[in-house]
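Student: Could you put the whole structure together from the sequences, leaning on the hints where they help?
Residue numbers (my numbering), protein chains in the order written: chain U, 1 to 352; chain C, 1 to 352.
By construction, these hints were calculated from the structure, which means they are not laboratory data.
Honestly, I wouldn't trust all of these hints.
What the hints assert, rightly or not - Derived, one-sided and incomplete: chain U residues facing chain C with beta-carbon distance under 7 Å:
hint, residue
1, K167
2, K168
3, E172
4, H215
5, G252
6, W270
7, D292
8, T299
Computed from a predicted structure; not experimentally measured.
For glycine and all other residues, C-beta sits at the position ideal for the given N, C-alpha and C.
There are 2 protein chains.
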Amino acid sequence: MKLKNDTLLRALLREPTPYTPIWLMRQAGRYLPEYNQTRARAGSFLALCRNPDLATEVTLQPLARYPLDAAIVFSDILTIPDAMGLGLYFTEGEGPKFERPLREEWEIRDLSAPDPVAHLGYVLDTVRQVRRALAGSVPLIGFSGSPFTLACYMIEGQGSSDFASAKKMLYERPDLLHHILTVNAAAVTAYLNAQIDAGAQAVMVFDTWGGVLSHAAFHEFSLTYTARVVAGLTRTHEGVRVPSIVFTKGGGGWLESIAATGCDAVGLDWTVDIGAARARIGARVALQGNLDPAVLLSTPQAIEREAGAILERYGRGGGHVFNLGHGISQHTPPEHVSALIEAVHGLSGGYH
Amino acid sequence: MKLKNDTLLRALLREPTPYTPIWLMRQAGRYLPEYNQTRARAGSFLALCRNPDLATEVTLQPLARYPLDAAIVFSDILTIPDAMGLGLYFTEGEGPKFERPLREEWEIRDLSAPDPVAHLGYVLDTVRQVRRALAGSVPLIGFSGSPFTLACYMIEGQGSSDFASAKKMLYERPDLLHHILTVNAAAVTAYLNAQIDAGAQAVMVFDTWGGVLSHAAFHEFSLTYTARVVAGLTRTHEGVRVPSIVFTKGGGGWLESIAATGCDAVGLDWTVDIGAARARIGARVALQGNLDPAVLLSTPQAIEREAGAILERYGRGGGHVFNLGHGISQHTPPEHVSALIEAVHGLSGGYH
Chain U
1 MKLKNDTLLR ALLREPTPYT PIWLMRQAGR YLPEYNQTRA RAGSFLALCR NPDLATEVTL
61 QPLARYPLDA AIVFSDILTI PDAMGLGLYF TEGEGPKFER PLREEWEIRD LSAPDPVAHL
121 GYVLDTVRQV RRALAGSVPL IGFSGSPFTL ACYMIEGQGS SDFASAKKML YERPDLLHHI
181 LTVNAAAVTA YLNAQIDAGA QAVMVFDTWG GVLSHAAFHE FSLTYTARVV AGLTRTHEGV
241 RVPSIVFTKG GGGWLESIAA TGCDAVGLDW TVDIGAARAR IGARVALQGN LDPAVLLSTP
301 QAIEREAGAI LERYGRGGGH VFNLGHGISQ HTPPEHVSAL IEAVHGLSGG YH
Chain C
1 MKLKNDTLLR ALLREPTPYT PIWLMRQAGR YLPEYNQTRA RAGSFLALCR NPDLATEVTL
61 QPLARYPLDA AIVFSDILTI PDAMGLGLYF TEGEGPKFER PLREEWEIRD LSAPDPVAHL
121 GYVLDTVRQV RRALAGSVPL IGFSGSPFTL ACYMIEGQGS SDFASAKKML YERPDLLHHI
181 LTVNAAAVTA YLNAQIDAGA QAVMVFDTWG GVLSHAAFHE FSLTYTARVV AGLTRTHEGV
241 RVPSIVFTKG GGGWLESIAA TGCDAVGLDW TVDIGAARAR IGARVALQGN LDPAVLLSTP
301 QAIEREAGAI LERYGRGGGH VFNLGHGISQ HTPPEHVSAL IEAVHGLSGG YH
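Tutor: Given below as structure tokens:
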């Protein structure tokens, strides 16, 4: 079935589009009252992720409200280590934790990549249900955390500002970290390909924590494994190209290396000048980003001005997917998202 | 009085030195048992900062233990807003807070730069006492938070991962933020010059939070005001040059602009490749940095290897002050600091 709105896929492949497509990281989230209602019905964030009916419902909620150009499957970046048996759970206000973080060498040696069909079927079911419900209106994006980002949580057992335990292993026992990353890369590749099989029309790797690494360590411990994932991705499904996006938060210094992984698009956080980024890597990849999510906390006038500034900095022609430079804040007034999408759709026509 | 060890000052001015000098951000801190003892005697962190005798004592502690090439006055980056009347206090494990953060427009319009002699005399007394106690052994560094970093805390009232309130003001009421920053720039300039008058032989501006800004906002709201501070600094005191260092955490994308403020040296966080940084700005400024503080949590072997890698990436010649890329972790084993200093002093001779 041909997509009614394929601007996202065309922009990711640097083909011409009549305007700049837009979607928002974490677009199905706590800033939406209807999301909070469904989450309350599910009982918890994790129960919501694991219930394909409800996960489908929240995936579609922002599409019902806004003329977004893509859906992204509602899930968590840490489903893979959970499927490995580490026991993912969430505590109110403290984010994700693992019951059994990797502490002992034998636990690390015992790790293996989970079969996504056997162990992550609930995500694949959600992908299938969302695809059916979208009925060809806009494309569906699948995603995973990067091998390094997963390893951060697997070793630390929870979020952290500096992931000191993971880094301690990196410097003290790089062999152990390389083993974890090798397993993770295989797991992420299989997981994303299973999402593609189930109907994801583009995939994104979230390297949320690669930016905590030194220049050398980022290349050795994060990018190498992201590149391995990208190289293993299904490039074409049922005759249609499936574009891939790699996003490293704090990765503005490494754009050339990220673009060289072979991905189709590079996500930019809001600290990067998108005009300079285009000059550096825009001939090889599409760019996705990069409004500071804090702009959405201000006023419709400021939102229009700042969105316009990004469109102007990117300049004429295709290859740009508008997004935030990080996930949307739960404190965002929902009407500010309307203002943003209206600004991007309205102002971008002049650049195409 | 001529300094016995002036390697720091020479390196900051890109003059030849026999080896690469080293000091560590937060070198007088919680990883040292003797620091914790003095702090316990003081009663609190803030009482310690405000007592020149005890602040002098902790400033000197790391120099008694290690052959460091500089002292840095023990103080807090938030002394200026405290002197403005915002009421600095600390809660265990939560960092600095203000009793009276800036909430109303009239509070912002009422702000004025405090006279450092009248209101920050305790810091100046500490500077004088430390200078006397050092007796010309190594130079003493004075410091302040940058105008933008101070504003973040003044508006937010406490630390934050994204400083959403400060950014909301930035996008909604840039005029108000510019007013705060204008006052802060005058305050920081007067404060650093007072430290120089009291005996500080180099000064450093910590732009700890400039890196949370977008490319455009960083230049407009952080760098403009840091540059104003640098331009207003006393360049020569009693016939001796007083070098200035600017450090923006997360500022790796903006090194050229930071170097163009007129500072003598640019501090680098650990995400930057110091070799690439030297190629970009090393002809104009010295570089300070940039070991990942997490390396100090690993092993002496890894510390020597990683320190050696930074020296090698910087390459031959002067203009490098070794440091961490951020403050030292309180979990650092004190003997690992010995290993680092030994490695830097031992290995760097070959590059000079």
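Student: Of all the hints given earlier, name the ones this structure violates by number, lowest first.
Tutor: none
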